[in-house]
Amino acid sequence: MTAPIEVTGSDAEAQPEAVLAGIDRKAIQGRSLWQIAWLRLKRDKVALIGGGIVVFLILVAIFGPFLVQDPNVFHQNLNDPTFNRPKYGFWHSGISGDHWLGVEPSNGRDMLARIVHGARVSLLVAFCATLLSVVIGVVLGVVAGYFGGWVDTIISRAMDVFLAFPLLLFAIALVGVLADASVFGLSGNGLRIWVLMFVIGFFNWPYIGRIIRGQTLSLREREFVDAARSMGAGSFYILFRELLPNLVAPILVYSTLLIPTNILFEAALSFLGVGVIPPKPSWGGMLSQAVSTYSVAPMFMVIPGLAIFITVLAFNLFGDGLRDALDPRAK
Amino acid sequence: MNKIRPLAVLAAGVVVSAGLAACGGGDDGGSGSGPGYNSAIDKIVNTSDKKGGTLRLADSDDFDSPDPGNTYYAWSQNFARLYGRGLTTFKPAAGKDSLQVVPDLATGLGTPSDGGKTWTYKLRTGVQYDDGTTVTSKDVKYAVERSNFSDELQLGPKYFKQYLIDNPTPYKGPYKDKSPEGLKSIETPDDNTIVFKLKQAFSEFDYLVGMSQTIPVPQAKDTGLKYESAIVSSGPYKVDSYQRGKVMTLSRNTHWRQDTDPIRKALPDKIELQLKQNADDIDNRLLSGALDMDVTGVGVQAGTQAKVLNADQKPYVDNPYQGFLRFMSLNVNVKPLDNVHCRTAVQYATDKVAAQSAYGGPLAGGDVATTVLPPSVDGYRKFDLYPQKYQSAGGVDQATLDKAKQELAACGKPQGFTTKISARSDRPKEVAMAQAIQQGLAKVGIKVDIVQFPAGDYFNKYVGAPKYVHDHGIGMMLMAWAADWPTGYGFLSQITDGRAIKPSGGNNLAELNEKSINDAFDAAISNTDKAARTKAYGDIDEAIMKQAVEVPLIYAKALLYRPKNVTNAGITLGYGGMYDYLNMGVTK
Chain A
1 MTAPIEVTGS
11 DAEAQPEAVL
21 AGIDRKAIQG
31 RSLWQIAWLR
41 LKRDKVALIG
51 GGIVVFLILV
61 AIFGPFLVQD
71 PNVFHQNLND
81 PTFNRPKYGF
91 WHSGISGDHW
101 LGVEPSNGRD
111 MLARIVHGAR
121 VSLLVAFCAT
131 LLSVVIGVVL
141 GVVAGYFGGW
151 VDTIISRAMD
161 VFLAFPLLLF
171 AIALVGVLAD
181 ASVFGLSGNG
191 LRIWVLMFVI
201 GFFNWPYIGR
211 IIRGQTLSLR
221 EREFVDAARS
231 MGAGSFYILF
241 RELLPNLVAP
251 ILVYSTLLIP
261 TNILFEAALS
271 FLGVGVIPPK
281 PSWGGMLSQA
291 VSTYSVAPMF
301 MVIPGLAIFI
311 TVLAFNLFGD
321 GLRDALDPRA
331 K
Chain B
1 MNKIRPLAVL
11 AAGVVVSAGL
21 AACGGGDDGG
31 SGSGPGYNSA
41 IDKIVNTSDK
51 KGGTLRLADS
61 DDFDSPDPGN
71 TYYAWSQNFA
81 RLYGRGLTTF
91 KPAAGKDSLQ
101 VVPDLATGLG
111 TPSDGGKTWT
121 YKLRTGVQYD
131 DGTTVTSKDV
141 KYAVERSNFS
151 DELQLGPKYF
161 KQYLIDNPTP
171 YKGPYKDKSP
181 EGLKSIETPD
191 DNTIVFKLKQ
201 AFSEFDYLVG
211 MSQTIPVPQA
221 KDTGLKYESA
231 IVSSGPYKVD
241 SYQRGKVMTL
251 SRNTHWRQDT
261 DPIRKALPDK
271 IELQLKQNAD
281 DIDNRLLSGA
291 LDMDVTGVGV
301 QAGTQAKVLN
311 ADQKPYVDNP
321 YQGFLRFMSL
331 NVNVKPLDNV
341 HCRTAVQYAT
351 DKVAAQSAYG
361 GPLAGGDVAT
371 TVLPPSVDGY
381 RKFDLYPQKY
391 QSAGGVDQAT
401 LDKAKQELAA
411 CGKPQGFTTK
421 ISARSDRPKE
431 VAMAQAIQQG
441 LAKVGIKVDI
451 VQFPAGDYFN
461 KYVGAPKYVH
471 DHGIGMMLMA
481 WAADWPTGYG
491 FLSQITDGRA
501 IKPSGGNNLA
511 ELNEKSINDA
521 FDAAISNTDK
531 AARTKAYGDI
541 DEAIMKQAVE
551 VPLIYAKALL
561 YRPKNVTNAG
571 ITLGYGGMYD
581 YLNMGVTK
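Chains A and B supply the protein sequences, listed in that same order.
Under the UniProt record's numbering, the residue at position 143 of the first sequence is numbered 143, and the numbers go up by one with no gaps.
Under the UniProt record's numbering, the residue at position 186 of the second sequence is numbered 186, and the numbers go up by one with no gaps.
Source of the hints: derived by calculation from the structure; they are not laboratory data.
Positions of the beta carbon are idealized from the N, C-alpha and C atoms, including for glycine.
Watch out, some of these pointers could steer you wrong.
[Unchecked claim] Partial chain B-side listing against chain A, Cβ under 10 Å, derived:
1. V353
2. G361
3. G395
4. S425
5. I450
[Stated by the list, open to error] Taking CB as the label site, the calculated pair distances span:
6. A:L306 <-> B:D42: 45 to 53 Å
7. B:K467 <-> A:D98: 45 to 53 Å
8. B:A531 <-> A:D98: 51 to 59 Å
9. A:W194 <-> B:Q100: 57 to 65 Å
10. B:P387 <-> A:W194: 43 to 51 Å
11. B:A393 <-> A:W34: 52 to 60 Å
12. B:K276 <-> A:R157: 40 to 48 Å
13. A:R157 <-> B:S288: 41 to 49 Å
14. A:I62 <-> B:S288: 38 to 46 Å
15. B:A393 <-> A:I62: 52 to 60 Å
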């Protein structure tokens, strides 16, 4: 039989090191989960585009309102009274050099300004609501999963209750009750935005709570938790120093995927007339206004629809990419 | 009692924006060969006496009930006259003539006595139901009793209950009270005479008995709520079938005789009303000739408006007033609107043209209003106490704004003030209107916050409840109003008479309670001279506008399509600006 490999060196045992040394000495390094994830994410062009749009939208929401016109100024001279739609632009959109996305039918308010101001409302509500859901969901999920027993039973049943809650109806009722109220010194739109954040955030926590609970159930049986416990670590330490860091990846992924859901929810509430109070613009509110004029001024419906569509898609693409990058097994 | 007709409510939701038909209303704008744009507004077009054919009608919804004693919809009252004859009705004519009340089942209009507190009607002889039995005055009395006093039939108006003298022990309606005399204030001395005894002098009683509630119902055939599917006809058509949500078909009542009925022509052999049809589909079928009429008469859909604008179709379009006013009430008990100068400032600074656009523009929305009474109501007089001028770029011009500022200064608020404006949250156009008013008033420093309430509770819980309005400082309230009968009293009394203020569910949102105006209402309604009443309503309108409590915004209009197949098409104002169905026929 011939030798399987041809040995040329004098010391076969030393060979792997020598081979590696010959290739690249710097290549052997510990890579953290985040570095690996970033490398994977960089290769995912679709997710990067999504992420880019997300960053752009956030910048628009923060700085955009300072750059556009007043969204509440009427330009009635741009309105064709016969058809009650903009006089100019393709599809009677009113798009012109002064109004890049056209104007609203009947009153001629600038669409670009309203979209940009609407982005601020949409993103603010969606981010804050997501934050609230995630904080509540993670804390209760970790506690339920780690302690088990009656704690788990109580929290899990609470989740069931919240999941069975008719959220949309509750939101409509609550906003109705608070239509003209003054709470904590807040009234009008200031109050309305907080109510939206609270309703959307507070009732959405069980979704992420369940995921975190499930992850915690499997993590708490792992060796490093046993090790920590055997070394005398307290529950608090194990929960927040041992378990939580290992849950960052799913938290991040599901947060990113929860944001578009919340954007849609905010739009739905605005569409139903229980979102922000006009004349403050919101995407859902614009869509609902457009329902009665879609046949004569279709762009009025297309533009806020596209804004919602692009935003939700971008967050979803980015969230999917992030999940693939952080947890390739889930693919 | 008097509330906006459900039809008007419906119209508010259905009439969609997207104006129509350029070049100013009124003239024949099309080049087609039809009778012409707006031609059915003041005359009957396509007049014909040709009998036969099937009149095909459709409705995107359904009746509240086809039972003449249990319906409030204006179109349903218009339509019910095909299978029932009330004591009086509106003259089958177009325009102003249609506001005239003429006898129908009665031989003449009512004879008042006791200073207008007692009204006597004589019935025509020989009028028969579709089963051949003879109509008697007892059936009319029974019809009024069941429709106004029973707990079972709740959908219709209750004016008879409001105005007729009640029994010593309150009368509970014929289903509970089986006593043979029933309501004692309606007397039937013989089979052809009926006498109504009222609590107060009421000169417009002929309008009340023109409602479908005086269409006779034989007691033996009444089945309460189920009567709607077994209606006994006293008109030229009998109801072959009524299936809720599907269809209603009428065919000739062989016992109806032309010699007993001077106002009806009874042209088609059959009438078919399809219910719960898709609204856009109805329009398309109207345009293609597969349908003769949209029975609700609230106008074509937004998408259709562009189609009926083109030169071929425009001669078949009418753009009538719908009989109701969209306006803003300024509450006299909310500071600083308790001061007439502050209210006057609002009158000048309100951008009515922007409000008009918000509601659909001049064609689908309506005309800019300056009076509380709309032009389609008896008593309307054209005047404008707060004339405004508009800039070409939109908005009230500087001179008008200056007048508003002077008034603000006189009110002690030269920098303007802050208040709230209410709108119904489920009426996007009303909310858009609130925004238009908001941006207009901002130009003189009047800062307005919009508050929205659901339409279902708008009057019961919110703006119709003075305590709520005062507690929440809602100075301005948007609403729309139509009369149940088209006179100044029918229109104005519920919204501007101080005695119409209620703890909740009221319609006098401004809480106007001027003794001179209240007295003027009493004087007018007890005056039997029609011309004097008509003048008095115009005077009351001016007196209200002097108080500046109501800001009239638009006289509502709609675009109606009249297919060429339809004969005797004319707009009746008696039912709020829709085609009169009484003598409508078809060419094929």
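Should the hint that B:A531 and A:D98 are 51 to 59 Å apart at their CB atoms be regarded as holding? holds, 56 Å
Measuring from the C-beta of B:G395 to each C-beta in chain A, is the shortest one below 10 Å? Check passed: Cβ of B:G395 comes within 7 Å of chain A, closer than 10 Å.
Can we keep the B:V353 interface hint, with Cβ of chain A closer than 10 Å? Hint holds; B:V353 Cβ to chain A Cβ min 7 Å, cut 10 Å.
Quick check on a hinted range of 43 to 51 Å for B:P387 and A:W194, using CB atoms only. holds, 45 Å
45 to 53 Å was suggested as the range; check whether the CB atoms of A:L306 and B:D42 agree with it. Given about 48 Å between the Cβ atoms, the range holds.
Verdict for B:K467, A:D98 (Cβ pair) under range 45 to 53 Å: holds, 48 Å
Is 40 to 48 Å a correct range for the gap between the Cβ atoms of B:K276 and A:R157? holds, 44 Å
Satisfaction of the hinted span 52 to 60 Å by the C-beta atoms belonging to B:A393 and A:I62: Roughly 33 Å apart at Cβ, these two residues miss the hinted range, so it is violated.
52 to 60 Å was suggested as the range; check whether the CB atoms of B:A393 and A:W34 agree with it. 57 Å Cβ-Cβ, so the 52 to 60 Å window holds.
Hint B:I450 vs chain A: min CB-CB distance below 10 Å? holds, 6 Å
How about B:G361: closest beta carbon in chain A under 10 Å, or not? Holds: closest Cβ of chain A sits about 4 Å from B:G361, inside 10 Å.
Take the shortest C-beta to C-beta distance between B:S425 and chain A; is it under 10 Å? Holds - the Cβ of B:S425 comes within 10 Å of chain A, reaching about 4 Å at its closest.
Checked against the numbered hints above, the structure violates hints 13, 14, 15; every other hint is satisfied.
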